Amino acid sequence: MNKQTYDEIAETLYTEKLDNGLTVFLLPKPEMAKTYGIFTTNYGSIDQTFVPIGQTEKITVPEGIAHFLEHKLFEKEDHDVFADFGKQGASANAFTSFTKTAYLFSATNHIEKNVETLINFVQDPYFSEQSVEKEKGIIGQEIKMYDDQPDWQSFMGTIKAMFKNHPINIDIAGTVESISKITKDDLYTCYYTFYHPENMTLFIAGNFNPEQMMNLIKINQASKEFKKMEEINRNLPDEPKEVAMKEHQIKMPVSVPKCTVGIKESSKELSGEEFLKKDLLQNMIVDYYFSKGGSFYQKLYQEKLIDDSFYFETTLDKNYGYTLIGSNSDNPELFSKKVKELLLSTRNETIKEEDFNRMKKKKIGRLLRSMNSLEFMANKYTHYYISKVDLFDIIPTVQALKLDEANQFLNEWIEEERLAVCTISSK
Amino acid sequence: MQDITEKRLNENDIELHFIQSNKYKTINIVAKLKAPLERETITKRALLPYILKQGTKSYPTRKELQLKLDDLYGAILSVDGGKKGENHILTFRLELANPKFIPEETSIIKEGIALLSEFIFHSNSNNNAFDETVFDREKETLKQKMSAIQDDKMQYANMRLIDEMCQDEPYSLHVHGYEEDLNSLTSEDLYSYYQSLLQDNQMDIYVLGDFNEEEIKSEMITSMNRGSVNVLDRQEVTKKEITEPKEIIEKQNVQQAKLHIGYRTNTYFKDEDYYALQVFNGIFGAFPSSKLFINVREKNSLAYYASSRMESHKGLLFVFSGIAPEDFEKARDIIREQLTAMRNGDFTETNLSETKELICNQMLETMDHPQGLIELLYQQVVGEKTIDPDEIISQIKSVTKEQVIQVAQKIEEDTVYLLTSGGGQENE
Chain A
1 MNKQTYDEIA ETLYTEKLDN GLTVFLLPKP EMAKTYGIFT TNYGSIDQTF VPIGQTEKIT
61 VPEGIAHFLE HKLFEKEDHD VFADFGKQGA SANAFTSFTK TAYLFSATNH IEKNVETLIN
121 FVQDPYFSEQ SVEKEKGIIG QEIKMYDDQP DWQSFMGTIK AMFKNHPINI DIAGTVESIS
181 KITKDDLYTC YYTFYHPENM TLFIAGNFNP EQMMNLIKIN QASKEFKKME EINRNLPDEP
241 KEVAMKEHQI KMPVSVPKCT VGIKESSKEL SGEEFLKKDL LQNMIVDYYF SKGGSFYQKL
301 YQEKLIDDSF YFETTLDKNY GYTLIGSNSD NPELFSKKVK ELLLSTRNET IKEEDFNRMK
361 KKKIGRLLRS MNSLEFMANK YTHYYISKVD LFDIIPTVQA LKLDEANQFL NEWIEEERLA
421 VCTISSK
Chain B
428 MQDITEKRLN ENDIELHFIQ SNKYKTINIV AKLKAPLERE TITKRALLPY ILKQGTKSYP
488 TRKELQLKLD DLYGAILSVD GGKKGENHIL TFRLELANPK FIPEETSIIK EGIALLSEFI
548 FHSNSNNNAF DETVFDREKE TLKQKMSAIQ DDKMQYANMR LIDEMCQDEP YSLHVHGYEE
608 DLNSLTSEDL YSYYQSLLQD NQMDIYVLGD FNEEEIKSEM ITSMNRGSVN VLDRQEVTKK
668 EITEPKEIIE KQNVQQAKLH IGYRTNTYFK DEDYYALQVF NGIFGAFPSS KLFINVREKN
728 SLAYYASSRM ESHKGLLFVF SGIAPEDFEK ARDIIREQLT AMRNGDFTET NLSETKELIC
788 NQMLETMDHP QGLIELLYQQ VVGEKTIDPD EIISQIKSVT KEQVIQVAQK IEEDTVYLLT
848 SGGGQENE
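Keeping their order, the protein sequence lines are chains A and B.
Each residue of the first sequence is one higher than the one before, starting from 1 at the first, in my numbering.
Each residue of the second sequence is one higher than the one before, starting from 428 at the first, in my numbering.
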């Protein structure tokens with residue numbers, strides 16, 4: 001077990017890669033009441049086409065299957081896993097994103113038992129024809145709920161406008177039609193391919209003894225057998241640099257139109273410091289211009305193109321990245337025109353030293369704040385780990401960022417062909 | 428795990444609460460201003476936060492204020508309003524990176540407190556009014572908030588349920604206020620109300636984190652000064668007799684129907700049997716292992732969500748579910764059966780002990796979260812009962828099955844509200 005201390009932030013992390021391939025991270029926080037555990041597979045809605053374990057030909061599975069599988073893992077032949085956690089005073093949950101499926105619990109009591117429950121339920125699938133059929137009703141309701149949510153429609157609408165071939169452009173939950181085709185055998189195929197320990201990480205943060213915890217996990221894993229794992233052959237189509245649709249209009253009942261401008265970032269696979277720097281700069285620069293102290297925000301506000309719902313977010317993942325800037329707006333055409341104009345003007349902008357120092361301070365303070373949360377640390381550590389970045393080393397990297405790097409990034413950041421607009425309105 | 432110790436002290440007619448904790452990498456300072464819920468003031472209190480966020484005396488624009496915050500290592504300063512029972516609470520929050528983790532910085536706390544004080548007491552104004560441009564603009568922002576509720580069907584259904592259920596009671600007042608009141612409001616009116624609330628609202632300020640107590644105490648006492656004070660009288664909660672349960676059906680162009688039901692619990696935060704009510708709510712609908720989730724969602728595949736939530740100060744209980752429109756009667760009947768089952772004691776000792784553990788777990792988790800802990804402690808100010816978090820936990824653990832049945836029997840169904848498809852384009 002490797003022990004690493006991070007003095008500046010007063011954290012200690014224990015790490016070990018087990019014989020079966022599972023990577024385990026333990027972050028003891030004895031001052032907390034809670035322990036949070038998250039068991040993550042590097043498998044999400046984008047993993048649509050792949051070569052199943054032990055086979056040679058690639059297959060394509062129905063849209064929404066990773067999410068469907070997540071739901072079904074909670075149900076066993078004679079019991080329900082939520083109830084098991086409930087009996088042990090824990091609350092459990094799960095989520096499926098574009099690239100990951102994660103199972104998690106938090107508890108203040110029976111920690112070791114809850115960790116075992118987490119590992120065991122994820123590593124012991126039980127799918128039957130009958131339960132798969134029943135789940136179609138429940139997920140169908142979930143999909144319909146998303147259909148009624150303008151914010152979600154606006155998000156997915158922008159993603160679809162940006163990405164032409166990349167499977168990020170399919171809904172995570174699939175459609176009522178696509179999930180109707182899912183069978184129990186499809187679920188097993190996906191399960192055995194992507195839920196191999198080699199493709200998974202377990203992160204536990206909170207109030208426990210790290211030696212005892214690691215020992216318990218090792219004994220648990222040694223008692224189970226797994227097939228030998230080859231590297232998973234995931235098939236991702238080529239994605240052009242430019243957006244799929246420059247304009248995407250969606251009609252649904254909303255009182256105020258919603259408009260989002262999406263910046264399609266390059267889909268080049270990065271890792272380590274390169275990944276982190278891009279991730280940081282992308283985020284810090286958007287924040288510099290569009291947060292409430294930012295000059296672009298001020299312009300949009302003064303021209304009455306935005307309201308309180310204005311937001312921006314940036315994402316960088318292993319093979320895609322994007323930035324979204326959106327708001328409710330009575331004048332969506334003008335909003336998107338202005339945002340695009342402002343974005344394009346950054347090619348000739350220069351950030352000043354003084355401003356850059358303030359940007360770094362803000363980033364550092366916000367990172368410290370996020371680290372109040374066990375969930376943040378566990379989820380983000382796992383997220384960055386896949387791209388070979390250590391979350392707990394980010395603050396020193398921010399401190400070391402140079403103004404030149406920021407300005408170079410800024411001047412190469414925006415190209416018109418990588419901008420897409422999605423508008424939601426009733427008319 | 429750490430024990431929570433809250434030190435209280437009244438200075439300048441402000442109740443200061445200090446809580447030491449090394450759980451966090453930040454220091455949180457939260458000010459709460461409490462006043463009775465009234466139609467007369469609700470719209471003003473809804474608008475005020477939007478205006479205060481636009482600037483203070485020394486940082487008169489949104490931009491200058493934000494740059495100052497960014498400079499203070501991304502400090503977060505916010506203000507918002509909300510209902511707690513029949514009170515309206517304005518909450519001002521400041522979260523600062525703890526300088527312990529930024530060795531070269533020493534003045535973050537001092538500057539932060541000064542800024543928070545200015546943010547609360549000295550908004551940007553001239554000639555006893557807020558800046559007209561800001562005022563007009565933020566009126567628009569609030570109007571958009573009012574209309575945006577239409578887009579969030581869950582929130583909308585909840586608001587409509589309370590409208591119907593608590594008609595003529597202050598609790599039904601909309602937290603965003605009313606458009607007709609907003610239209611006639613002037614910048615002078617609002618400024619004068621702002622000045623009066625600083626003097627007549629009950630004010631509590633919490634400081635939470637790993638800090639030097641003496642230092643922060645003297646900073647607080649010097650900075651937080653509200654002048655002459657005349658705190659408003661507290662109000663008794665209004666209570667209503669239910670003659671006959673109401674059923675309201677509203678149609679809109681939606682895919683999924685929202686079935687929300689409101690009940691009167693007749694049990695309040697202050698009451699001895701409040702802990703039994705919490706346990707009731709846990710078995711009934713608060714968790715995925717609760718009766719509602721199991722019976723509405725899991726056994727009958729009727730809903731994507733089905734849960735319950737209680738309002739502790741007004742004595743209300745709400746059930747929320749999202750269902751297919753054609754399943755309305757079936758879902759409603761199953762929900763009713765669950766309450767009947769609770770009244771009949773149709774749950775096991777195991778259900779009881781597991782639920783108690785879930786509740787305690789949830790409470791301990793809340794106390795790991797800085798805002799969560801402050802809300803939990805402030806609940807006691809609003810509920811007018813002081814009780815140690817440890818004591819709450821032992822109270823919950825000692826609840827018996829008989830006590831849960833008794834609180835269940837006090838609960839009365841008041842209003843069934845259904846938002847269903849069929850509005851807009853007719854599809855039948």
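Think of the hints as simulated: they come from the structure by calculation, not from any bench.
Don't take each hint at face value.
Computed list of lysine to any residue pairs in SDA-like fashion (alpha-carbon distance at most 25 Å, straight line) [to be verified]:
#, chain 1, residue 1, chain 2, residue 2
1, B, 537, A, 354
2, B, 471, B, 558
3, B, 495, A, 185
4, A, 268, A, 301
5, B, 726, A, 301
6, A, 304, B, 486
7, B, 450, A, 340
8, A, 136, B, 558
9, A, 251, B, 725
10, A, 76, A, 233
11, A, 340, B, 568
12, B, 572, B, 518
13, A, 427, B, 698
14, B, 495, A, 364
15, B, 490, A, 251
16, A, 134, B, 695
17, B, 726, A, 146
18, A, 181, B, 518
19, A, 427, B, 847
20, A, 251, B, 572
21, A, 228, A, 181
22, A, 136, B, 667
23, A, 227, A, 340
24, A, 3, A, 48
Using C-beta positions, here's what the derived DEER-type ranges look like [said to hold, decoys possible]:
#, chain 1, residue 1, chain 2, residue 2, range
25, B, 756, A, 133, 19 to 27 Å
26, B, 727, A, 266, 31 to 39 Å
27, B, 660, A, 255, 35 to 43 Å
28, A, 124, B, 442, 51 to 59 Å
Here chain B is said to cover these stretches of chain A; the calculated rule only asks that three of the stretch's residues, wherever they fall, bring their Cβ under 8 Å from a Cβ of chain B [what the hints assert, rightly or not]:
#, segment
29, 195-201
30, 355-362
31, 369-376
What you are looking at is a predicted structure, and each value in this text was computed from that prediction instead of being measured.
Glycine is no exception: its CB is placed at the ideal position from the N, C-alpha and C atoms.
Cross-check of the supplied hints:
1. The hinted pair formed by residue 537/B and residue 354/A meets the criterion: a straight-line CA distance of about 22 Å does not exceed 25 Å.
2. Note on residue 471/B and residue 558/B: the hinted pairing holds, with a Cα-Cα distance of about 16 Å set against a maximum of 25 Å.
3. Taking the CA atoms of residue 495/B and residue 185/A, the gap is about 58 Å. The hint is violated against a cut of 25 Å.
4. The hinted pair formed by residue 268/A and residue 301/A fails the criterion: a straight-line CA distance of about 34 Å is larger than 25 Å.
5. The hinted pair formed by residue 726/B and residue 301/A fails the criterion: a straight-line CA distance of about 50 Å is larger than 25 Å.
6. For a cut-off of 25 Å, the pair hint linking residue 304/A to residue 486/B stands: about 22 Å separates their Cα positions.
7. A hinted pair counts as satisfied when its Cα atoms are at most 25 Å apart, and residue 450/B with residue 340/A does not qualify at roughly 43 Å.
8. A C-alpha spacing of about 56 Å is found between residue 136/A and residue 558/B, which places the hinted pair above 25 Å, so the restraint is violated.
9. With a C-alpha separation of about 33 Å, the suggested pair residue 251/A and residue 725/B falls outside the 25 Å cut-off, and the hint is violated.
10. Distance restraint check for residue 76/A and residue 233/A: the Cα-Cα separation of roughly 29 Å exceeds the 25 Å cut-off, and the hinted pair is therefore not satisfied.
11. A threshold of 25 Å between alpha carbons decides the hint, and for residue 340/A with residue 568/B the separation of about 23 Å falls inside it, so the pair holds.
12. Between residue 572/B and residue 518/B, the direct Cα distance comes to roughly 18 Å. Compliance with the 25 Å bound is thereby established for this hinted pair.
13. For a cut-off of 25 Å, the pair hint linking residue 427/A to residue 698/B is broken: about 52 Å separates their Cα positions.
14. Of the pairs offered as hints, the one joining residue 495/B and residue 364/A holds, with about 15 Å between alpha carbons and a cut-off of 25 Å not exceeded.
15. The hinted pair formed by residue 490/B and residue 251/A fails the criterion: a straight-line CA distance of about 35 Å is larger than 25 Å.
16. Taken as a hint, the residue 134/A and residue 695/B pair is broken in the structure, with Cα atoms around 40 Å apart against an allowance of 25 Å.
17. For the proposed pair residue 726/B and residue 146/A, the alpha carbon gap of about 23 Å is at most 25 Å, so the pair holds.
18. Annotation: proposed proximity of residue 181/A to residue 518/B is violated, straight-line Cα distance about 50 Å (limit 25 Å).
19. With a CA separation close to 22 Å, the supplied pair residue 427/A and residue 847/B stays within the 25 Å bound.
20. About 21 Å separates the Cα atoms of residue 251/A and residue 572/B, which keeps this hinted pair within 25 Å; it holds.
21. The hinted pair formed by residue 228/A and residue 181/A fails the criterion: a straight-line CA distance of about 30 Å is larger than 25 Å.
22. Proximity of residue 136/A to residue 667/B is assessed by CA-CA distance (about 43 Å); at most 25 Å being required, the pair is judged violated.
23. A C-alpha spacing of about 51 Å is found between residue 227/A and residue 340/A, which places the hinted pair above 25 Å, so the restraint is violated.
24. For the proposed pair residue 3/A and residue 48/A, the alpha carbon gap of about 37 Å is over 25 Å, so the pair is violated.
25. About 24 Å separates the C-beta atoms of residue 756/B and residue 133/A, a value consistent with the hinted range of 19 to 27 Å.
26. Roughly 48 Å separates the CB atoms of residue 727/B and residue 266/A, a value that falls outside the hinted 31 to 39 Å.
27. Against the hinted window of 35 to 43 Å, the Cβ-Cβ separation of residue 660/B and residue 255/A comes to about 39 Å, which satisfies the hint.
28. A hinted range of 51 to 59 Å for the beta carbons of residue 124/A and residue 442/B is consistent with their spacing of about 53 Å.
29. Closer than 8 Å: that is the beta-carbon criterion, and the segment 195-201 of chain A has 0 residues meeting it against chain B, so the requirement of 3 is violated.
30. Given a C-beta distance limit of less than 8 Å, the hint that chain B covers the segment 355-362 of chain A holds, as 4 residues qualify and 3 suffice.
31. Under the rule that three or more residues need a Cβ within less than 8 Å of chain B, the assignment of the segment 369-376 of chain A holds, with 5 such residues.
Hints 3, 4, 5, 7, 8, 9, 10, 13, 15, 16, 18, 21, 22, 23, 24, 26, 29 from the list above are not met by this structure, while the remaining hints are.
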